[in-house]
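Model the full assembly from the supplied sequences, consistent with the hints where possible.
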Amino acid sequence: MQRISELIRTRAGELLESGAADQILGWENGGLAYDPTPAFFTADNVAGLVYNSFCGINLSKYLIEKTKGKESGKVAALLKPCDTYSFNQLLCEHRIDRDKVYVVGVGCSGMLDVEKLKARGFKGIKGIDEKDGRLTVHTLYGDKSCPKREVLMERCISCKGGGHVACDEVVGEELTPDAAGNRFAGVEKLESLSPDDRFDFWRGELSRCIRCNACRNACPACSCNKCVFDNSRSGMAAKANSDDFEQNMFHIIRAFHVAGRCTDCGECSRVCPQGIPLHLLNRKLIKDVNELYGDYQAGAAPDSRSPLISYTQGDAEPDVIYERGGAR
Amino acid sequence: MQKLPVSRLPELFARIDGMKSLYLPVSAGGRLQFGRWTTGTAYDPSRMNTVKSAKDFFFPQSEDLVFFRSKGKELSITEAKDPAEPFVLFGVRACDAKGLEALDRVFLSDPVDTFYAARRENGVVVTMACAEPEETCFCGAFGVDAAEPGGDVAAWLAQDTLYWQSRTDKGDALTAALEDILEDADQRDQGAFAAHKAAIKAILDDLPLNGLSLEGFGGDALEALFGSDKWPALSQACIGCGTCTFVCPTCQCYDIQDFDTGRGVKRFRCWDSCMYSDFTLMAHGNPRTSQVERFRQRFMHKLVYFPANNEGMYGCVGCGRCVAKCPAFMNIVKVIRTLGVNAHAR
Amino acid sequence: MLVDQVRIRDMLIPVLGVVTDIRADTPDVKTFRVNAPGGGVCFAHMPGQCAMLSIPSVGEAMFSITSSPTNTGYMEFSIKKCGCLTDWLHQMDVGQQIAIRGPYGNAFPVETALRGKDLLFIAGGIGLAPLRSVINYVRHNRENYGKVDIVYGARTADDLVDLEEIKTEWDRPGDVNVHLTIDREQQGWDGNVGFVPNFVKSLAFAPDRTALVCGPPIMIKFVLAALTEMGFEKTQVYTTLELRMKCGIGKCGRCNIGSKYVCKDGPVFRCDELDDLPDEY
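Residue numbers (this note's numbering), protein chains in the order written: chain Y, 1 to 328; chain B, 1 to 346; chain G, 1 to 281.
It is worth saying that the hints were derived from the structure and are not from the lab.
Hints should not be assumed to be uniformly reliable.
[Said to hold, decoys possible] To be clear about the criterion: a stretch of chain G counts as covered by chain B if any three or more of its residues have a C-beta under 8 Å from a C-beta of chain B, and this derived list gives those stretches:
(1) 55–62
(2) 82–88
(3) 91–105
(4) 239–246
Glycine included, every Cβ here is placed at the ideal spot set by N, Cα and C.
Structural data, given as structure tokens:
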């Protein structure tokens with residue numbers, strides 16, 4: 001990781017110097033061992049650019065604001081393979097001005113989930129070293145160790161693979177995480193439950209929702225200028241869940257709003273402070289879309305059309321809900 | 001000071017819950033939150049960092065204020081019922097207890113917020129010294145001593161003994177009600193107790209965020225900080241979600257909304273966030289139209305305006321929740337380090 | 001003289017009020033008269049203070065009380081139609097009951113700093129509403145104050161609020177001097193034509209007065225500049241600010257300008273106090 005980080009920093013410096021980019025969108029160190037923050041760099045501070053195994057944040061969404069105005073400057077964005085799917089999807093939706101972005105693909109062998117480290121009881125983390133697929137975590141309470149693959153982010157376990165789907169150049173090599181999971185395993189498990197058990201599962205999870213809006217604000221598919229939940233005329237604008245129904249509905253509505261556009265980037269689950277596995281809702285809808293309309297990956301190309309907004313003769317008929325829906 | 005063998009904790013909890021509803025940190029979905037004690041709920045002293053702070057119990061996320069019914073041109077107004085449930089919070093961190101003091105300043109100052117006041121009256125706060133502080137903790141910067149927590153009763157769990165020290169009249173009353181189960185601590189316990197506190201202090205000294213300096217902040221720092229050119233860079237990663245405000249023990253901004261239930265209109269108040277774009281939106285304009293301004297407002301409030309209005313007391317207690325939960329890893333520590341006179345780098 | 005404050009449980013809980021009169025002042029401003037259901041006022045107030053009016057499920061907003069507290073018979077609000085709640089209020093009929101709570105905010109220092117002074121009121125458009133409370137208080141206690149001049153302007157003659165009252169009751173040359181102006185020539189208007197700040201300058205008031213200014217932000221800005229040019233110190237000029245408010249008691253955190261809350265430390269501010277506040281309003 002050290003090596004690729006240096007390569008990226010050098011390349012960023014070159015891009016700035018040559019004028020190929022006016023700014024670099026990447027990460028800078030936080031105060032701890034695992035909190036790199038998104039930041040924009042120019043020649044003055046590009047030395048602070050970092051890239052490590054905690055750079056899970058999907059940077060593509062920051063490009064919406066950045067490319068919105070009339071300034072003609074170009075941003076070189078460091079995008080991991082999964083980020084590039086969101087980038088393409090945002091291009092489909094005309095949210096990003098492609099001409100103002102220079103995509104620098106960075107290889108990724110999987111990002112780490114600090115919550116998984118904490119779940120193992122690793123607390124008081126002061127520093128983390130990575131070597132040969134093993135992590136050594138230096139804590140206030142002694143050194144701990146674990147295999148990297150066991151604390152990868154959920155999204156990395158079922159990495160789409162295949163490298164960057166949008167980029168102007170790749171720095172370093174394309175990598176793949178050391179994990180090969182079934183993307184829909186979690187969904188299949190829930191589908192196998194009885195409706196009551198499934199409802200209990202979701203109530204158990206969603207009752208913890210605090211309507212902090214982190215999931216919505218982090219989601220690249222949520223970019224409405226006026227979100228329906230912020231619109232006092234929609235009847236659904238509330239800053240707090242008044243009851244169970246609202247706790248459920250916020251997430252179900254959001255899942256439907258992004259259906260067909262969700263690239264499965266996993267940011268929603270990463271940012272939820274309560275650890276609600278929101279990605280399962282979105283993966284369920286992805287699975288359904290795949291089954292009803294044929295396999296579809298949002299953001300695979302900058303001009304792909306979601307099956308939900310394009311009609312073809314082979315589309316499932318509406319009465320399919322009588323076979324699939326309800327108690328099953 | 002009193003003490004109790006750890007083995008008798010379930011008994012203590014049962015006794016307390018028999019008098020008032022007992023809440024303590026419980027695990028839910030892999031995260032910690034305050035939940036109601038029931039028989040069999042285990043208390044894990046090594047896990048104290050709840051996702052949300054104790055402020056929920058006194059300033060709930062959503063609270064009914066008043067009910068309206070209208071018939072033609074007539075209107076009737078009914079006040080919401082008093083939240084009269086007496087309760088005990090166990091295992092509250094020192095930082096959260098200090099956070100309650102900050103909220104008291106706001107809600108209990110004239111005119112008193114009777115909803116908050118009633119809950120505060122009904123609640124007894126039993127704090128616990130943090131045996132294992134986390135890397136995100138920096139309460140020391142704000143004058144909070146994790147080894148000497150406040151609240152109504154302070155508690156320490158050292159090896160197999162729970163130590164119990166009342167701090168207020170309310171704490172005295174609770175202690176008196178438990179006097180048959182709590183034992184008196186004596187000279188021999190002092191040694192173990194002191195060793196436990198010393199161990200905590202050693203860890204506090206070793207925290208990555210230790211030594212954070214607040215020089216350059218305070219009630220007089222308005223001019224120096226408001227116009228700083230560092231705010232744009234500081235705020236550029238902020239996605240305006242409001243998570244920081246919801247997990248923060250001292251944030252108390254709220255909104256008042258009406259909800260038409262179909263059988264009358266319920267007026268309630270709920271948490272709001274200065275990070276939201278419509279927070280200050282009026283019919284004819286918005287004084288804060290950009291995220292930079294909103295971001296600046298939050299931190300100016302915590303580090304300058306609040307101390308200006310509250311004799312130097314800061315609007316932050318160093319609990320570290322914003323450090324742990326911000327989706328973009330922004331937090332008050334970064335703001336302090338970037339804008340403070342003596343940026344402490346480690 | 002002042003009615004006992006109705007005892008209420010919490011300053012967030014409203015009481016009932018009933019709208020007993022509605023008067024259309026201008027095409028988009030109406031003045032509403034509110035009484036307690038049994039008659040009289042819902043609560044006492046001092047000039048400059050405000051109240052929260054609401055229609056359940058439509059909205060709640062802060063309005064300055066335009067009637068003087070010396071009027072114990074009723075309370076009046078002059079409200080401009082510009083949003084959800086105000087639209088609803090404008091369509092309302094007499095007899096409608098509403099929810100009202102207050103009073104909120106500080107008041108103009110009518111019993112302290114303003115007593116004995118020569119006063120200069122400068123208002124623009126709907127900005128006359130809060131000042132009207134002070135003007136009528138001063139008129140009712142005339143002997144406690146020095147010279148009184150009122151400069152009031154609006155875009156057109158049709159946008160002048162309370163014109164009837166101004167003409168028939170306020171305008172007493174020598175006692176209470178009224179100076180009206182409109183922005184542009186209009187048929188049927190033979191008074192001054194010109195923007196308020198220029199009009200103020202042309203009237204050449206001596207800078208030993210205390211000025212009370214209220215109107216659109218842009219007008220306030222230019223009036224302040226004009227007054228400064230005329231030799232007025234910022235300590236002699238008062239104004240009233242407005243931000244979105246929810247609680248009215250300085251707790252919900254919404255209406256702050258720096259460390260001051262407009263609902264509690266304001267809305268009345270002396271202009272030197274504004275210099276200490278960040279430019280965020």
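Honestly, which of those hints from before does the structure not fit? Nothing - there is no hint that the structure violates, so all of them hold.
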